[in-house]
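Number of protein chains: 2
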Amino acid sequence: MKTVRLLILALFAFSNASIAGTPEPSNGIAYPQGWQDWATIAVSHRTDNQTLRVIIGNDIAVQAARSGDTRPWPDGAIIGKVVWKDGALDHWPTAVVPAQFVHAEFMIKDAQQFPDSGGWGWARWVGDGQTAFNEGNGACMACHTPVKANDWVFTKPAMLPATAPKPEHIP
Amino acid sequence: MKTVRLLILALFAFSNASIAGTPEPSNGIAYPQGWQDWATIAVSHRTDNQTLRVIIGNDIAVQAARSGDTRPWPDGAIIGKVVWKDGALDHWPTAVVPAQFVHAEFMIKDAQQFPDSGGWGWARWVGDGQTAFNEGNGACMACHTPVKANDWVFTKPAMLPATAPKPEHIP
Chain D
0 MKTVRLLILA
10 LFAFSNASIA
20 GTPEPSNGIA
30 YPQGWQDWAT
40 IAVSHRTDNQ
50 TLRVIIGNDI
60 AVQAARSGDT
70 RPWPDGAIIG
80 KVVWKDGALD
90 HWPTAVVPAQ
100 FVHAEFMIKD
110 AQQFPDSGGW
120 GWARWVGDGQ
130 TAFNEGNGAC
140 MACHTPVKAN
150 DWVFTKPAML
160 PATAPKPEHI
170 P
Chain R
0 MKTVRLLILA
10 LFAFSNASIA
20 GTPEPSNGIA
30 YPQGWQDWAT
40 IAVSHRTDNQ
50 TLRVIIGNDI
60 AVQAARSGDT
70 RPWPDGAIIG
80 KVVWKDGALD
90 HWPTAVVPAQ
100 FVHAEFMIKD
110 AQQFPDSGGW
120 GWARWVGDGQ
130 TAFNEGNGAC
140 MACHTPVKAN
150 DWVFTKPAML
160 PATAPKPEHI
170 P
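Those protein sequences? They're chains D and R, same order as listed. Start counting the first sequence at 0; every next residue gets the next number (numbering that gives the first Met the number 0). Start counting the second sequence at 0; every next residue gets the next number (numbering that gives the first Met the number 0).
Worth flagging that the hints you see were computed from the coordinates, not collected in a lab. Treat the hints loosely; a few may be bogus.
[Said to hold, decoys possible] Examples of chain R residues lying across from chain D (beta carbon under 10 Å, computed):
1. Pro-22
2. His-44
3. Val-61
4. Asp-85
5. Ala-94
6. Gln-99
7. Phe-100
8. Trp-124
9. Asp-127
10. Pro-160
Don't be surprised by glycine CBs; every beta carbon is placed ideally from N, CA and C.
Just chain D, with the same shape it has in the complex (with noise of 0.2 Å):
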């Protein structure tokens, strides 16, 4: 495993790495492209650090969720945890609504690439400046460790309507 990250890494650093906006890799963990695109698996509000979370998948990730074929997650699916600080709203006062932005990390489903780490690759971007975490699996797999039995991923995903409601008539 240990190869295949440096691997990685090094491909990296002689290609093209120095594109401006490309934030460096974590954990040998290429920067997922586009996931402020991607769709709402869940929401949550931690009281306990004062963060609100939209919990996004990749489409794989977004499948798997609304099918409930999550036990384990497919390879290929990437969830992704948005974080921000608690903040308040000027005309109602009693909601919480993001403020600073924390960070992005994401977990990627890939078993037979990730075996050493529950089958998930594990990576997070820092700050406005997207500074890469570079300190190994074992936080993220510390705090992850009560939901082993599930995967990993403590994120139930949200209900939605059973309804199927995408009306072919309407372009």
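Given the coordinates of chain D, work out where chain R should sit on it, guided by the hints.
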């Protein structure tokens, strides 16, 4: 305006409104197609009525939110609010997460089509069966009046990292 709404209703009645799974129009507004896949604009937690929300948008709304083009929001923008009751997470008791789905509600911007309701059409579909709310704009606009000067919108788009992290070399 009333004529336009009646016309829209009539078009539905005489066309495809009977397609299985197609919710009826709400306040004369057709069900937005595919909102489940829209990108996130913000999230919120209303502590007064114990609900969590994700605020999503169609492409025009998301583009406007990210470029700050929201005074006013452009014609064609649709902002959606997806609402769940507060729930608990088994393995992280201090996290508030989505339980029952409550409703999905939408503001549809079209200054020409909706001159009498702040340039917005207001629609809501309730519960798992997506029952159309058809009591008019009154209730919606009464609640949103405090943000009339903000083009009737409570939501401040959540901050995303300023870096433009869409590396071209990652497929």
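Hint check:
Look at Pro-22 (chain R): its Cβ gets to within about 5 Å of chain D, closer than 10 Å, so that hint holds up. This hint holds: His-44 (chain R) has a C-beta 4 Å from the nearest C-beta of chain D, less than the 10 Å allowed. Because the smallest distance between the Cβ of Val-61 (chain R) and any Cβ of chain D comes to about 7 Å, under 10 Å, the interface hint for this residue holds. Here the hint on Asp-85 (chain R) is kept, as its CB sits about 8 Å from the closest CB of chain D, short of 10 Å.
At its closest, the beta carbon of Ala-94 (chain R) sits 5 Å from a beta carbon of chain D; the interface hint therefore holds under the 10 Å criterion. Given the 10 Å rule on beta carbons, the hint for Gln-99 (chain R) holds: about 7 Å separates it from the nearest Cβ of chain D. With 10 Å as the threshold, the beta carbon of Phe-100 (chain R) comes within range of chain D, its nearest partner Cβ sitting at about 4 Å, so the hint holds. About 8 Å separates the beta-carbon of Trp-124 (chain R) from the nearest beta-carbon of chain D, less than 10 Å, and the hint is met.
The interface hint given for Asp-127 (chain R) holds, since its Cβ lies 5 Å from the closest Cβ of chain D, which is under the 10 Å cut-off. At about 5 Å, the closest approach between the beta carbon of Pro-160 (chain R) and any beta carbon in chain D falls short of 10 Å, and the interface hint on this residue holds.
The structure is consistent with each of the numbered hints, conforming to all of them.
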